[in-house]
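> Below are the chains, spelled out letter by letter.
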Amino acid sequence: MCKDESQLIAKAKAGNKEAFSELVEKYQKPVFSVCYRMLGTPTAAEDAAQEAFIRAYQALDRYDPERSFATWILSIASNYSIDQLRKNKVTILSMDSDKHAWLAPPDPGPSPEKAALDKEKNALVQTILADLTETDRAAVILQYWHDYSYEEIAETLDLSSSAVKSRLFRARKLMAEKWQEMQLISAPNVNSAAKRIAHETSTI
Amino acid sequence: MKHQQYENWILMDEELNQEQQRDLHGHLKQCSQCQALYQASHQITHLFKTAPEPALAAGFSGRWLVQIDKAEKRKNRIILFSTLGAIALATLILFSTVGLELRSVVGNFPQMMFELVTLITNWIIFYNQISDIITPLFRVGAKLLSPIWLYITVFGLSGITAAWTISYYRSRSMQKELN
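Just so you know, the sequences run in chain order G and U. The opening position of the first sequence corresponds to residue 1 in my numbering, with each subsequent residue numbered one higher. The opening position of the second sequence corresponds to residue 1 in my numbering, with each subsequent residue numbered one higher.
Please note that a few of the clues may not be correct.
25 Å max Cα-Cα, derived SDA-like pairs, lysine to any residue [unchecked claim]:
no., chain 1, residue 1, chain 2, residue 2
1, U, K29, U, G62
2, G, K173, U, E15
3, G, K17, U, L28
4, G, K29, U, W9
5, G, K17, U, K29
6, G, K26, G, K87
7, U, K49, U, W9
8, G, K17, U, I79
9, G, K173, U, K49
10, G, K26, U, E19
11, G, K165, U, Q35
12, G, K13, G, Y63
13, G, K11, G, L60
14, G, K173, U, T45
15, G, K29, G, P42
16, U, K73, G, R55
17, G, K29, U, I68
18, G, K165, G, R62
19, U, K49, G, L174
20, U, K49, G, I82
21, U, K75, G, E51
22, G, K17, U, A71
23, G, K119, G, L184
24, G, K178, U, M12
25, G, K17, G, R67
26, U, K75, G, E46
27, G, K165, G, L184
28, G, K173, G, K114
29, G, K165, G, A70
30, G, K26, G, R55
31, G, K29, G, P65
32, U, K49, G, E151
33, G, K178, U, T45
34, U, K73, G, E51
35, G, K29, G, L184
36, G, K87, G, E18
37, U, K70, G, L174
38, G, K114, G, L132
39, G, K26, G, E46
40, G, K13, U, Q35
If you are wondering where the hints come from, they were derived from the structure by calculation, not from laboratory data. For clarity, every value in this text was computed on a predicted model and none was experimentally measured.
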């Protein structure tokens, strides 16, 4: 942890909200990203990310400075998202449904083709993650999008390293099966997006 | 080697040595099931790595400052109301306990409450009457005497009262000894 960060944490512990808001500024993207991948919608992700930072600020007295702040804050965000999924049974959106067409990222990029591709990819991601259990989904998100090691995932989700290993193994198997199923079903947008990914990987 | 081992190699996120890699690729050429699993696994990884990151609406930390203020106010309200609730509950328990204790002495609860109100009223009347006597006395005394004389008078009267009380108790104890 850098000196600036530990100073900000010390100030925030003393009740300085402005100091903590600098930490919010620094970690807002990864926290929002975890919440978005977990919950599937930008609105739910924004609410969850805000709540995660509020909880972190209120629990700052219990923060162990020996631990990475990034891991700690992502742990709060992941666990809050897991709780939200369990409580509200937030439905991870399926790409087959037209009513979920707004799932595309807020900034669609320069061209309509790129925007359409991004939208398809995000919808595919959510469809694949939908069948995983809440904790498995969090483990997958931390590994694929945040490059966390087994140990870091274990620390974040309060699991053992071997449990993380077996959860990720099971999750990869389920996702691969889902992917193979999706390539067989007839939904045209599923086929086009999945085929595009297949083509991209074959050309790499 | 068993089929399960190749599945583990595909799905475990671990580096394979050169021999294991050769072995796996040899198996993939023969086994369509493992080949499909291998491709699916790679395509998913590629999808996850290339899926666009969600854009965060500007002003997130500013909105957080507003939210934390609201959350703190909510927390303070909860603390205040739970404290008031606890005090009210404690008072209720205290009054109920005292009431039940006194009921056996006084008779019944309405009568006890009546006695309590009478007692409080009498004390207020008594205080007012004493105050009516003492206040003008002090006012007149303050006008007639300088402050030093007022102190001497007050301490003198207190001393006389204390001396009288002591002598009274001594005479009583001597009386008891003589009897």
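> Does each hint fit the structure? Answer for all of them.
Each hint tested on the structure:
1. U:K29 <-> U:G62: Violated, at roughly 57 Å.
2. G:K173 <-> U:E15: Measuring from Cα to Cα gives roughly 18 Å; hence the hint holds.
3. G:K17 <-> U:L28: 57 Å, violated
4. G:K29 <-> U:W9: 33 Å, violated
5. G:K17 <-> U:K29: 60 Å, violated
6. G:K26 <-> G:K87: 29 Å, violated
7. U:K49 <-> U:W9: 21 Å, holds
8. G:K17 <-> U:I79: Roughly 20 Å between the alpha carbons, so the hint for G:K17 and U:I79 holds.
9. G:K173 <-> U:K49: Satisfied, since the Cα-Cα distance of roughly 18 Å is no more than 25 Å.
10. G:K26 <-> U:E19: 44 Å, violated
11. G:K165 <-> U:Q35: Holds, at roughly 23 Å.
12. G:K13 <-> G:Y63: Holds, at roughly 9 Å.
13. G:K11 <-> G:L60: 11 Å, holds
14. G:K173 <-> U:T45: 12 Å, holds
15. G:K29 <-> G:P42: 12 Å, holds
16. U:K73 <-> G:R55: 14 Å, holds
17. G:K29 <-> U:I68: 19 Å, holds
18. G:K165 <-> G:R62: Since the Cα atoms of G:K165 and G:R62 sit roughly 28 Å apart, the hinted pair is violated (cutoff 25 Å).
19. U:K49 <-> G:L174: 18 Å, holds
20. U:K49 <-> G:I82: 23 Å, holds
21. U:K75 <-> G:E51: Since the Cα atoms of U:K75 and G:E51 sit roughly 14 Å apart, the hinted pair holds (cutoff 25 Å).
22. G:K17 <-> U:A71: At roughly 13 Å apart (the allowed maximum being 25 Å), U:A71 and G:K17 satisfy the hint.
23. G:K119 <-> G:L184: 21 Å, holds
24. G:K178 <-> U:M12: Roughly 17 Å separates the two Cα atoms, so the pair holds.
25. G:K17 <-> G:R67: 21 Å, holds
26. U:K75 <-> G:E46: Status holds; Cα separation ~21 Å.
27. G:K165 <-> G:L184: 29 Å, violated
28. G:K173 <-> G:K114: Answer violated: G:K173 to G:K114 is near 30 Å, above 25 Å.
29. G:K165 <-> G:A70: 21 Å, holds
30. G:K26 <-> G:R55: Satisfied, since the Cα-Cα distance of roughly 17 Å is no more than 25 Å.
31. G:K29 <-> G:P65: 22 Å, holds
32. U:K49 <-> G:E151: Distance ~21 Å between U:K49 and G:E151 Cα, so the pair holds.
33. G:K178 <-> U:T45: 14 Å, holds
34. U:K73 <-> G:E51: Status holds; Cα separation ~15 Å.
35. G:K29 <-> G:L184: 35 Å, violated
36. G:K87 <-> G:E18: 32 Å, violated
37. U:K70 <-> G:L174: Roughly 42 Å between the alpha carbons, so the hint for U:K70 and G:L174 is violated.
38. G:K114 <-> G:L132: 28 Å, violated
39. G:K26 <-> G:E46: 15 Å, holds
40. G:K13 <-> U:Q35: 54 Å, violated
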